[in-house]
Amino acid sequence: MLTAFAILTDGLVYAAYLFVVAIGLTLIFGVMKILNVAHGAFYAFGAYGSATAVGLYFDRGLPVAGGFLLMVLAGMTLGLVIGFVLERGILRLVYGKDEVIVVLVTYAVFLILEDVVILIWGPGTYPAYQPLVAAGNVAVGRLILSGYDLGLIGFAVVLAFAARLALRHTRYGRLLTVVIFDRETAAAFGIDVTTVYTATFVLGAVLGALGGAVMAPKIAVTLGIGVEVIVLAFAVVAIGGMGSVEGALVGAVIVGLCRAAAVHLVPQVELFVIYGVMALVLVFRPYGLFTRARPRRI
Amino acid sequence: MQHHPVRNSAAAVLTVAAAWALQGAAQAQQATVKLGIVSFLTGPAAGPFGIPGRNAAEILIEALNAGGAPAPYNTVGLGGARIEAKYVDEVGSTANQVTEFRNLVQRDNVDAVVGYVSSGSCLAVAPAAEELKELTVLYDCGTPRIFEEGPHKYVFRVTPHATMDSVAAARYATHSIKDISTYSGLNQNYAWGQDSWRDFVLAMKVLAPKAGVDKELFPKLFAGEYGAEISALLTSSSQFIHSSFYDGDLEAFVFQATARGLLQRMPVVMTTGESAMQRLGAGLPDGTIIGGRGPHGMLSKPSPLNDWFQKVYTDRYGVRPTYPSYHMAQSILGLKTAWDKAAAGAGARPGIDQVIAAFEGIEFQGPSATIRMALGKGHQGISEISYGTSRFNKQTGRPDLVDVVFYPAECVNPPDGMTAVAWLEGGMKGAMCN
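Residue numbers (the working numbering), protein chains in the order written: chain A, 1096 to 1393; chain B, 443 to 876.
One chain only, chain A, in its complex shape:
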């Protein structure tokens, strides 16, 4: 019974982590049809910015609550700036080009940003564990749950609801939905697709950096963290369906629960399970779980 409870909580914590890092990636793909490899760099910048801010804040012995707020704001601000600069400076130059070229451009941007990280922060590790410790823990039998992890689940749920509400009940959300469904028709109806692109890319960058910011207290912020994230986020988005926020949520929950079950019951297959689930889903649903059937264009 305790093991089943542990699988559930561990699965949800991992799902929350995956959803937070995947939502920005799927949003950018949905609107712009760009598989943005640079998303891993947004995550890294968010984590580094947050870790730096958290370190400076807690070193001064300031109130804990302010540290949580600063952690989030530092990451989001960096995401906002980098996202805007990249979209205006590089990506708008390759709109309309072949998808492979755009992927290569985002890959090049990712590599450049990795070097920028070294230039700014050097090769060392930045710990930011203070919020993790400050959040405390809760004992359930022999199992001890981290307050920060429970907060992360809550944060992911709020993010999912906010995304759903924003997409369905705000003007910008509806515009976004139209562009996701059919870019050319949206443009024909007078929607400024270029502005939507800019706003979406910046929003995706902010979400990617936010993912790094909230994960910073749990990980050692060090070189290469963006690489791992982009692979995981891609697996989640592929399972849920490229461009679907609901799909990213369901994909994250499926992967999270399967991985937790593997660690507890068959740890030998833990490495394989994420990609095994992805392969299984793609065999039966090649476009992912939540992608609508596409009409064939003649």
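It should be emphasised that the hints constitute simulated quantities derived from the structure, not laboratory data.
Fair warning: there could be bad hints in the mix.
[To be verified] Cβ-to-Cβ under 8 Å is the rule here; a few derived chain B residues that face chain A:
1) Thr-484
2) Gly-485
3) Pro-661
4) Gly-666
5) Gly-669
6) Glu-671
7) Ala-674
8) Glu-693
9) Gln-698
10) Arg-702
11) Arg-721
12) Gly-725
13) Glu-867
The model shown is predicted, which means the values in this text are computed figures rather than measured ones.
Yeah, the Cβ is synthetic: ideal placement off N, Cα and C, and Gly gets one too.
Start from chain A and add chain B according to the hints.
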């Protein structure tokens, strides 16, 4: 034919000057030994391993070129020749390592290569070193397979292989934790983690035959999130955890496990913990068992050479050297010992075969340990190793190591000619621990 005395004199002067310059250049070339230094300069392994290794190389090479290192290394360079270093990033695939190695040998014409952190890199580069007849000193990788799978002529490794780390970890665990009945392992899912766990379990079977394995967890390398693994360990009945985690993985695990009370419930034996102690600081729980792949860093004894190394390193980089720095330092000092010995025998700049002959089986002093090239037909070093237990020091605000135990090289290494697994499965016969 008309002679022009001024023009002829000028031509003669220029000819002599050119000949002198060429001779000088040739002498300068002869007076330099080119070393390729390969280490992670970017990527996740750069911070904890690659950069400390590169930093140690810079310090050692600078001091040796100035003849300013402590005795017996207070002579200039290698055999009197100044060292010229070319630094290469180890990042990338093993195929990339072989390509870069060929570039160092065939384009840059380096005289020797000192490098490699990853066991994968070492396994890939060793055959290339034999093919190209290039003297190569592996500095930090731990896999015992390098010399167990066949002899090498051009490849040396001064740093002991990883079996020593696991055997000493088992000896220390059985020394400090009484009546062990169950234990678990948390290791990265690739060669380093799997080999470390295999050797540790085999050693525990010899030292604590009644103890059983509870959980064997192998998360993905650089996974970063260990919630499920921590839950599995919390719900287990293990008395301690063995982990060969390193780098950000180790630190992330410590943060997450501490927040959930795991490390307060059962200690962890960290075979590479010394490399993370300074960064973890107050985040390292008391009672954690710390190893450092030798008697290095905070696990080392003071000596004139060690004190000098720690001072120059700390003065320049603002942090104390960790074990990868020691591995690089002892690799360069081993090469210097062999080169100087060969140069003294040759009476001039030695050939590579003469350096190899001088290197095989030598004994020399590293900053923190005496190294004997006792395995792999004189190509693989052994040394003593130490383990300790962390205890937070309120006065310094940093963790100290207490109850430090040193194990002699012959206590924790297999004898020459026997594989690590065969030695462990045979009950570690011949181990001399007193």
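Q. Which numbered hints are broken by the structure, listed smallest first?
A. 13
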